[in-house]
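Asks: So you can see what is in the structure, the chains are spelled out below.
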Amino acid sequence: MRSDPYVKTGERIDLNRCTAKDLEEIPGIGPKTAQLILQYREKEGGFRRVEDLLLVSGIGPKKFELLKEHVLVAN
Amino acid sequence: MSLSRTENGSVAAAPAFALLFSLCLSIHFSSEAPFAVSAVGGVLFCTVWMLLGVRKITHNFLPVFFLILFLSFVFSSTSLFRMRSVPTMPDTIETEGQVLLDRDWGMQSAMLIKTRYGKIVAYVPRSQCLPAGSAVSLRGATFDFKRAERKGAFDEFLFWHAKGAQKKTVLLYLKSVAPSSGLYKWQALLRERIGDSLPPRMAGYLSALTIGVRTAELDELHRRAGTVHLLAVSGFHVAILAGLCSLFFRRGRARFFMISTVVWAYVLFAGLPVGGVRAALMIQICLFAALLGKPSSVFNGVSAAGLLMLLYNPWSYFDVGWRLSVLAALFLCAFSQAAKRQRLFLLFASPLLWFVTALQSAVAFRSVPVVGLLLNLIAVPLFAFLFPAILLLALPALTGLPLGTFFAGTGEYFLEAWEIFSELLVRLLPYSIGHSAWLFLFTAVIFSFAVMRASGFSRQRTVAALLILPFTLFFIL
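For the record, the sequence lines run as chains X and D. Residue 26 in my numbering is what sits at position 26 of the first sequence, and the numbering runs on without skipping anything. Residue 165 in my numbering is what sits at position 165 of the second sequence, and the numbering runs on without skipping anything.
No lab work stands behind these hints: they were computed from the structure. Accuracy of the hints is not assured; some may be wrong.
Claimed, not checked - List time: in silico SDA-like cross-link candidates among lysine to any residue, alpha-carbon distance up to 20 Å:
1) K114/D <-> V74/D
2) K63/X <-> Q284/D
3) K146/D <-> R48/X
4) K21/X <-> I59/X
5) K68/X <-> I93/D
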């Protein structure tokens with residue numbers, strides 16, 4: 001199944017629209033982290049900014065630095 | 001312009017309490033009601049409080065009455081305005097700062113850091129925590145604190161705002177650029193010296209007494225016994241120190257300067273704990289009054305100290321430490337004032353104080369050990385003697401004098417004896433109580449009775465007011 005065309009803007013993935021599969025395409029992100037990101041999105045009603053990823057359990061500064069280059073939060 | 005306590009009630013007896021009362025009410029209301037309603041509500045209750053206490057309106061009553069109302073409105077509205085203003089802090093910060101506080105936070109550590117944007121809190125693994133006083137360079141993302149999910153649950157927002165923090169930060173980079181300096185350095189040195197030269201109990205109590213650092217073991221021991229207040233630098237410790245100072249300086253300016261200097265130096269060295277600051281402010285107010293030859297009431301002094309702390313940081317109202325400290329001090333001063341003519345009643349001060357603070361403690365810590373009711377009767381006078389004794393017995397070991405080990409060992413022996421005794425009582429009385437309507441009612445009645453009497457209410461009016469003034473209950477909640 002192909003991703004929603006709005007999911008990817010340029011080379012980055014929109015955190016509020018992506019699927020677990022989109023996230024797993026990012027190097028270093030496995031199914032577990034992808035699931036945690038989606039759970040956070042569901043619970044909090046979406047991401048306000050990329051830095052919100054730091055509030056996802058299991059994502060520390062190192063993983064965030066890795067992720068932030070590949071994601072965005074579109075308006 | 002002089003006012004009569006018997007005729008003018010709280011306006012003459014305890015004007016600071018009326019102001020503190022109205023400000024607390026305004027802050028309390030503000031979590032539910034709009035800004036204007038909260039501010040005006042506090043002033044209205046202040047009006048009712050003052051009018052209920054007055055027996056005769058004399059010619060000099062009205063100017064003071066209106067001045068208090070005006071101040072009440074100014075204090076309430078400015079405090080609420082400050083609480084409502086949203087902190088302006090960028091979403092991401094890269095700056096330098098200083099660690100003001102470090103403490104355990106579950107499996108992690110929490111650091112309160114002062115930066116040019118304001119105070120922030122960072123939770124870090126214990127291994128990465130830097131000691132208070134360290135200068136740091138940091139980069140991180142800032143977030144709002146979490147609010148309590150239900151009433152009575154832990155509220156991260158209120159907890160840290162009461163300590164002056166505006167946001168929490170997830171750190172992406174943290175580096176110590178300079179070790180602790182100044183007072184923090186001295187604290188660290190003393191902490192190290194205490195740990196190296198004293199046996200464990202002596203070291204634990206002395207650290208708690210001098211630099212406000214409590215070990216988990218000692219904390220747990222006193223928590224089980226319901227005597228944990230003895231470990232927090234508070235009015236009890238400051239009063240012992242001020243009492244010892246006043247033995248050497250009985251009157252005059254020397255007394256004022258010496259007691260002020262010693263008390264503030266101690267409170268500063270102990271890390272400005274809430275109870276210690278409150279007590280130091282109260283002592284300072286009473287010393288000022290004595291120096292100027294003006295009459296002063298300790299009850300009014302405690303109220304003024306609590307009021308000044310709230311004006312400095314209105315969020316302190318939500319700090320359980322501030323509440324317990326002010327509540328206990330207000331009750332003790334009010335009760336001792338009310339029982340001045342019948343000194344036998346003073347014997348009931350400790351158990352009644354236990355009830356007054358039990359409800360607040362039960363709300364904050366879920367339950368309160370009943371054994372504390374009994375143990376505090378013994379512990380408070382005992383530790384009033386033990387604390388200076390611990391300090392004296394520790395000095396030879398700390399300074400490397402001969403027989404240091406012997407003296408420190410003697411102190412350790414006494415503390416161990418106390419530990420065995422308190423543990424024995426804890427086993428005999430292993431019960432604890434939680435928040436209940438009966439405890440609430442009992443606490444409210446005794447606290448209200450004491451403060452009304454100390455505020456100049458007649459006995460009849462106090463009884464009548466107790467029946468119609470359930471709003472005083474807010475102090476306990």
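Asks: Can you list which hints this structure breaks, lowest number first?
Replies: Hints 1, 2 are the ones this structure does not satisfy, whereas the remaining hints hold.
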